[in-house]
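Enquirer: So the chains spell out like this:
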Amino acid sequence: MSNILEVRNVVKKYGDYTALNSVSLAVPKGSIYGLLGPNGAGKTSLIRIINQITMPDSGEILLDGERLESKHIQHIGYLPEERGLYKSMKVGEQCLYLAQLKGLSKQEAKKQLDYWFEKFGIEGWWNKKIEELSKGMAQKVQFVVTVLHKPKLLIFDEPFSGFDPVNANIIKDEILELKKQGATIIFSTHRMESVEELCDDIALIHKSNKLIEGKLTDVKREFRTNHFEVGIVTANVEGLMYDLTQQFTVDQASFKSLNDDLKLEIGLGTATPNELLQLLTQRGQVTHFVEKIPTANDIFIKTVSQN
Amino acid sequence: MSILSLIIKREFIAKVRNKSFIVMTFLSPLLFVGIAVFVGFLASMKADLKRIAIHDEGGNFVNEFVNDEEYSYHDLSKIDLQFVKDSVLKESYEGLIYIPKTDILSTVQNQVQFISNDSPSMDYILDVEEVIEKKITQYNYEKLAIDTARINLAKADVDIVLKKASGENTVKGLNEIKLFLGGAFGYLIMMFIVIYGNFVMRSVIEEKTNRIIEIIISSVKPFQLMMGKIIGNSLAGILQFLIWTILGLILFFVFSTIFGMQMGATTAVSGEAVAAANPSGFAEKLPLYINEFKQLPLFTLLFSFVIYFIGGFFLYSSFYAAIGAAVDNETDSQQFLLPIILPLILGVYVGFFTVLNDPHGTVATVFSIIPLTSPIVMLMRIPFGVPWWQLVLSMILLYVTFFLVVWFAAKIYRVGILMYGKKPSWKELYKWMKY
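Residue numbers (my numbering), protein chains in the order written: chain A, 146 to 452; chain B, 20 to 454.
Hints listed in this document are in silico derivations from the structure and should not be mistaken for laboratory results.
Think of the CB as a built atom: it goes at the ideal place given N, C-alpha and C, for glycine as much as any other residue.
Do not rely on the hints blindly, as some may be mistaken.
[What the hints assert, rightly or not] Some chain A residues flagged as far from chain B (calculated, every beta-carbon gap over 10 Å): (1) Gly229; (2) Ser233; (3) Lys247; (4) Lys297; (5) Asn404.
[Said to hold, decoys possible] Here are the simulated BS3-like pairs of lysine-lysine, each with C-alpha atoms no more than 30 Å apart in a straight line: (6) A:Lys174 / A:Lys256; (7) A:Lys274 / A:Lys295; (8) B:Lys38 / A:Lys255; (9) B:Lys240 / A:Lys256; (10) B:Lys240 / A:Lys251; (11) A:Lys352 / B:Lys450; (12) B:Lys240 / A:Lys158.
Chain A with its partners taken away, still in its complex shape (with noise of 0.2 Å):
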């Protein structure tokens, strides 16, 4: 699969400051794209340069294979994590403006316009004022306006924020449909449950470093810590945790059962979930065998806090 965006050892400086330092990423075609990373990581100054709103002080990114112009500006949609509309513009107006600049004709702009208003049901807000409109509502506008001139590649920033957990899912509906269409999304994003939810390839910048970059499912196989969860139902407790702590290591688990069971988390080491299985069957009824995946949650904190 090929990449329609990479970023080549893209180094931005201010002044003193290094806000990115040689960072290099693949996004491929047709993936949801999860841009990671703590506060003041060097994730909106990357965004930026992607967005031709800054320039990398060294370093080359290619869009499609090629090199970013002024003209590619048509093929991104952007929506930062800081909203904002002009406050006394008509909504009807300010999106044709905003279409306009993204480089479409007025009429294919209202086609559009017609479009999404009618999929979101706002076509009653034509002629009102961003400032009449809530906080929500607002939000709506502006994800209309980020995918209005259909881009190959969109990059959200905290596209839930502010949005109630109904419309959060209509928005989430709506990127995986412009997926499926296929755009390509760069999404940031700081709550770890929607990357598990979308994304299927991720990168982790931190201090201005590429950490960590790749698919999803290749990223958790490589932080996969070999521990295992594990449901019993023994007579003899004790003996249990005397056999298991001389070969395993072994830790209090909670998860949802309906069993009034043993809930114990089990580190292998070296040994083999066979093993393992084998022990528990010879002291009682297993009831839960399941092997403990990294969340992204998890392996953002690990990383983060070991560097």
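Add chain B to chain A, keeping to what the hints say.
Expert: Okay, now just chain B, sitting in the frame of chain A:
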């Protein structure tokens, strides 16, 4: 439609649709007329009557002082001087003129006193001196047996006729007219820069506080946005001035027809009387004034006005735009605004004080070429005639500076619009230019 014209259109419409713009456009001419009427009313009000006591020991002068609208005189010569002084102190009188008795009348001239609590106006003291001088002079004439009638006959009244080398007659006060004409244009430019420059700045700050800026500049270049703003706002300003001019003309015609009819009625009666009283009056010289007016370089003036208007406004608006980008709110902008307003004020002062006295002097010439003051000072100089090379040099410098400033302003603008939360120092602005 190109991106720049899209931005210009939006900025223009946003400005023109703004309620305060509409109110300003239609209310300020009314306000202006209102203020003019009010000032006229104040000026026509009579001042309070001031009571002046006179203690004239010789009794030679007291009858020379005639009551008028402002001053009434009271002969207190017979009352004890100390008592009169006390009443001045108690403020029943504004002042006391004390004229001591002397053996020879003329020796009194250095002994007259004016006693008051508040120091009197210089004009009034000169008036009082004149009254006493006249009396003493009259007395001296008589004493020296000089025939006053003959002296009056011998008096001359010189009125120099101004002619130009070309042989045409000209009129006095022309410099004032020229200065007024150039000054009006220069002042207009200054006001426009201050008002509309501020609008540009506010519009930049608004985009910053609305946080829409990031969306906009992911679609357009900051430079395009900045220029679009400057041009859009100046077009809105020009529209406003056009409306004012039209409203002004309408008001002028309305007033002149209403008052013209009344005036017509009165002048028919008093016209001859005025002409008789004032044989070498304004009416006779009016054609000369009109002739002079026609000979002023009006075309150059109008043409230069347009050039300086655009150059000056663009130059200063780029400063305003850069400042707007550097700060988060209007209050923070003050420290950066001062250095911008200073050259404007300097231009106006230099214009009014040096151009009138010496339109081709070094100071006036230098300031009419320096780009930051040239739009104002040069326009004031043009009615006096300016060598073409100075005009061209000044215009070229203005536009070169404009491009330089726009370039720097765009750099500050580009960085500043994405900076939030801190009030930058001059040092930081300098750093931004290098990003």
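Enquirer: All hints, please: hold or fail.
Expert: Now the hints, each set against the structure:
no., hint, in the structure
1, Gly229, "violated, 3 Å"
2, Ser233, "violated, 7 Å"
3, Lys247, "violated, 5 Å"
4, Lys297, "holds, 15 Å"
5, Asn404, "holds, 53 Å"
6, A:Lys174 / A:Lys256, "holds, 27 Å"
7, A:Lys274 / A:Lys295, "holds, 25 Å"
8, B:Lys38 / A:Lys255, "holds, 27 Å"
9, B:Lys240 / A:Lys256, "holds, 26 Å"
10, B:Lys240 / A:Lys251, "holds, 20 Å"
11, A:Lys352 / B:Lys450, "holds, 23 Å"
12, B:Lys240 / A:Lys158, "holds, 20 Å"
Going down the numbered hints, you'll see the structure goes against 1, 2, 3, while the others check out.
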